[in-house]
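The whole structure should be built from the sequences, with the hints applied where relevant.
Using our numbering, you'd call the opening residue of the sequence shown number 1 and step up by one each time.
The reader is advised that the hints may include incorrect statements.
Quick list of simulated restraints, FRET-style, between CB atoms [unchecked claim]: (1) L65 to I44: 17 to 23 Å; (2) S59 to N18: 19 to 25 Å; (3) E49 to E8: 18 to 24 Å; (4) L66 to T22: 32 to 38 Å.
No lab work stands behind these hints, which were simulated from the structure alone.
Each residue gets a CB set at the ideal place from its N, CA and C atoms; glycine is no exception.
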Amino acid sequence: MTKIARIEPIPIEYPDPNDFGTIRRTVLVRVETTDGVVGWGEGIAMWPEACKAVATVISEGFLPLL
Numbered sequence: 001m002t003k004i005a006r007i008e009p010i011p012i013e014y015p016d017p018n019d020f021g022t023i024r025r026t027v028l029v030r031v032e033t034t035d036g037v038v039g040w041g042e043g044i045a046m047w048p049e050a051c052k053a054v055a056t057v058i059s060e061g062f063l064p065l066l
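Listed below in structure tokens is the structure:
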């Protein structure tokens, strides 16, 4: 049975070209299974503190449960 082997949160910031360069923030989530399959998800966060919180919940909350 395939299981999740690794979860990696990747916080990113980028200027939104459609919103006058407003800085957008999100957390990309890389998920890898024991079979080597890789998938991607997103944890949406609008503020820098929320980005850090999402990444922390993933790495310190979900990751230890694997």
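Quick rundown of the hints versus the structure:
The given range of 17 to 23 Å is respected by L65 and I44, whose C-beta atoms sit roughly 22 Å from each other. Taking 19 to 25 Å as the suggested C-beta distance range, the pair S59 and N18 does not conform, at roughly 31 Å. Under the hint 18 to 24 Å, the C-beta atoms of E49 and E8, about 20 Å apart, fit the expected range. Checking the proposed 32 to 38 Å range against L66 and T22 shows it holds: the Cβ atoms sit about 35 Å from each other.
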